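So the sequence lines, in the order shown, correspond to chains A and B.
When the count follows this note's numbering, it moves up by one through the first sequence with no breaks and lands on 316 for the last residue.
When the count follows this note's numbering, it moves up by one through the second sequence with no breaks and lands on 262 for the last residue.
Hints in this document: simulated from the structure, not taken from any laboratory.
Remember, predicted model here, so these are calculated numbers, not experimental data.
Built from N, CA and C at the ideal position, the CB exists for glycine as well.
Take these hints with a grain of salt, some might be off.
To be clear about the criterion: a stretch of chain A counts as covered by chain B if any three or more of its residues have a C-beta under 8 angstroms from a C-beta of chain B, and this derived list gives those stretches [stated by the list, open to error]: (1) 46-59; (2) 92-99; (3) 189-202.
The residues making up each chain are set out below.
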Amino acid sequence: MTDDALVVAEHRRGELRDVSYEAITAGRELADARGGDCHVAVVAGDVDAFAEDLNREGVDAIHAVPNGEEFDHTVYQAAVRQLAERIDAGSIVTPNSVNGLDYAPALAEDLGVPIVTDAIGVAYDDGLTVTREMYGSKVETTVDVAGDRFVVTVRGGEWAPAEGVGDAAVETSEVDLPESGARVTGFEEVGGGDVDIADADVLVSVGRGIGEEENLELVEELADALGATLSASRPIVDNGWLPKNRQVGQSGKVVTPDVYLAVGISGAVQHVAGMKGADTIIAINTDPNAPIFDIADYGIVGDLFDVVPALVDEFE
Amino acid sequence: MKVLVTVKEVAEVSDDFAIEGTDIAPADLEYGLNEWDDYAVEAAAQLAEAGIAEEVVAVTIGPERAEETIRTALAKGADRAVRVWDDAFETGFTDVRAKATALEAVVEDEDPGLILGGVQAADTGFGATGVALAERIGFEHAAVVNDLEIDPDAGVAHVHRELEGGVEELTDVDLPAVLTVQTGLNEPRYASLRGIRQAQQKEIAARELADLGLAAADVESDVTITSMTEPESESDAELIEGDATAAAGRLAEVLRETGVVA
Ligand SMILES: Cc1cc2nc3c(=O)[nH]c(=O)nc-3n(C[C@H](O)[C@H](O)[C@H](O)COP(=O)(O)OP(=O)(O)OC[C@H]3O[C@@H](n4cnc5c(N)ncnc54)[C@H](O)[C@@H]3O)c2cc1C
Ligand SMILES: Nc1ncnc2c1ncn2[C@@H]1O[C@H](COP(=O)(O)O)[C@@H](O)[C@H]1O
Numbered sequence: 001m002t003d004d005a006l007v008v009a010e011h012r013r014g015e016l017r018d019v020s021y022e023a024i025t026a027g028r029e030l031a032d033a034r035g036g037d038c039h040v041a042v043v044a045g046d047v048d049a050f051a052e053d054l055n056r057e058g059v060d061a062i063h064a065v066p067n068g069e070e071f072d073h074t075v076y077q078a079a080v081r082q083l084a085e086r087i088d089a090g091s092i093v094t095p096n097s098v099n100g101l102d103y104a105p106a107l108a109e110d111l112g113v114p115i116v117t118d119a120i121g122v123a124y125d126d127g128l129t130v131t132r133e134m135y136g137s138k139v140e141t142t143v144d145v146a147g148d149r150f151v152v153t154v155r156g157g158e159w160a161p162a163e164g165v166g167d168a169a170v171e172t173s174e175v176d177l178p179e180s181g182a183r184v185t186g187f188e189e190v191g192g193g194d195v196d197i198a199d200a201d202v203l204v205s206v207g208r209g210i211g212e213e214e215n216l217e218l219v220e221e222l223a224d225a226l227g228a229t230l231s232a233s234r235p236i237v238d239n240g241w242l243p244k245n246r247q248v249g250q251s252g253k254v255v256t257p258d259v260y261l262a263v264g265i266s267g268a269v270q271h272v273a274g275m276k277g278a279d280t281i282i283a284i285n286t287d288p289n290a291p292i293f294d295i296a297d298y299g300i301v302g303d304l305f306d307v308v309p310a311l312v313d314e315f316e
Numbered sequence: 001m002k003v004l005v006t007v008k009e010v011a012e013v014s015d016d017f018a019i020e021g022t023d024i025a026p027a028d029l030e031y032g033l034n035e036w037d038d039y040a041v042e043a044a045a046q047l048a049e050a051g052i053a054e055e056v057v058a059v060t061i062g063p064e065r066a067e068e069t070i071r072t073a074l075a076k077g078a079d080r081a082v083r084v085w086d087d088a089f090e091t092g093f094t095d096v097r098a099k100a101t102a103l104e105a106v107v108e109d110e111d112p113g114l115i116l117g118g119v120q121a122a123d124t125g126f127g128a129t130g131v132a133l134a135e136r137i138g139f140e141h142a143a144v145v146n147d148l149e150i151d152p153d154a155g156v157a158h159v160h161r162e163l164e165g166g167v168e169e170l171t172d173v174d175l176p177a178v179l180t181v182q183t184g185l186n187e188p189r190y191a192s193l194r195g196i197r198q199a200q201q202k203e204i205a206a207r208e209l210a211d212l213g214l215a216a217a218d219v220e221s222d223v224t225i226t227s228m229t230e231p232e233s234e235s236d237a238e239l240i241e242g243d244a245t246a247a248a249g250r251l252a253e254v255l256r257e258t259g260v261v262a
């Protein structure tokens, strides 16, 4: 029924990713608001084992599609489209992950329905309302979506993971596959090397606010003074100023130091994903509205070029 | 082959800003080329230099103001540009499907062999336009590409897709394709004085919906922004006040209290 939600689980190299359970919670919310059921689809890989793990409280049915081993957008798109049509699901929910972004927009096009990505909240009352951020997390918006069918991708870490053990029926079905014009040939781990920022107790982390490569000296001095390790946000690594193994965030490393000192970092969601677990977060930023202050324990609204040297002096 | 690069003019919010209705006050916004699209333009320029791209065409859906941003793309190597705009877009937010409709019409006119765009627009952060467009026009695609090599003879793009946690997926994508480009793919060049001068001579073709065989109803958005607010800060952060020396003094105290810094 249109009131039903279809949640698509995500896994990589044999492991379900946590955001799958969070997406179930979001899907359950939408199903409840619409008086429908919550279905979960798991596509490719060891679907039987995945189905068992996904059978959490609140899940009404699980659809296992055993085509393929790993993510392939052609398979995902075809499988989810066919399932969505078969059960006539109105709310399709997927993680807002790199793979989610590789097929969900095509799926929405294919189904001829709107898509809203990176949701941090959903509500349904006559129609879908999504809460999402804009302008680098400086503002929150609500958007209304026309029609009773849609694809919504959910941000990781915003919904509690579904827990417990459910009693969903598991149904295995292969789907008809169109030929794929994209072939995965392998995987590569990047960012190895001599330093593992994940091991550090104290990280001094530098962002685009540093301006120029030669200014890095300033934060290096601070790291030395504190006996800390130097890490960075993505632009610093993109510019080639520091190696990839220093990058904190979604596509870099997840770190959980005792102290994380963010210097000239705005706090974009993909950065925060890598450091929000730090015990004590300290931010130095000229912009009082920078989202990094929302997760900081201590904040200095000020110019790093004044504050950092003064801090170095304190420890010398 | 012809390479089409989708570029968006994005708005950055100043440190102090006000919300007016469902958007930021215009005076508090500064416009520029989307960071991700800068990398897409560079990738196209490099394909031209390698003799793989015969022509690089930049396309944007944007008001007249966006010509400045388009000129940046022209100065960095695009040969000419198409700017789509119409009163129909003035009424509010343009959703992914409406953009795909407008871009589809441009693709039909231009017949590119490769389309490059950004992973996401920095302001609205949808991260969806390229992949939606690919489906619409029947091209293959790959999202979040941080390494790219085109083999024109084989008709294949060898790409790396940057997944989470430092893992890259190696994928061969059949052409024609849409690739959404991640930052760090290359080193975007600065526009040279010569490039900026040359860009003044390059064509920016303005297209309204009717020119593309479309009507306002075709680009009606299913998504409407209904409110914009400053998020409630959930943090109970201690804001350290005072001049740099005083602030540094207090911060030093905090750091020593944590016991991890001597
Ligand atoms: C798929 C995907 C994956 C991504 N993965 C990652 C990732 O792993 N890690 C990551 O970091 N990003 C990642 N990003 C990028 C992310 O979206 C942001 O673009 C990035 O984190 C911004 O880095 P920044 O905070 O250093 O720069 P900006 O956002 O430009 O912020 C710079 C900050 O410096 C402040 N500032 C400027 N001058 C000064 C000064 N003199 N003193 C003090 N403060 C100053 C500014 O107020 C601003 O807040 C990813 C993006 C995508 C789409
Ligand atoms: N108005 C637009 N005009 C041209 N290209 C756009 C427009 N909006 C988005 N794009 C392209 O699609 C990419 C992803 O944008 P989005 O899906 O809006 O986050 C951008 O990096 C651009 O390459």
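Going through the hints against the structure:
1. Here's how the segment 46-59 of chain A fares: 0 of its residues keep a CB closer than 8 angstroms to some CB of chain B, so the rule of at least three is not met and the hint is violated.
2. Under a criterion of three residues with beta carbons nearer than 8 angstroms to beta carbons of chain B, the stated coverage of the segment 92-99 of chain A is upheld, 4 such residues being counted.
3. By the rule of at least three residues with a Cβ nearer than 8 angstroms to a Cβ of chain B, the coverage given for the segment 189-202 of chain A holds, with 5 such residues.
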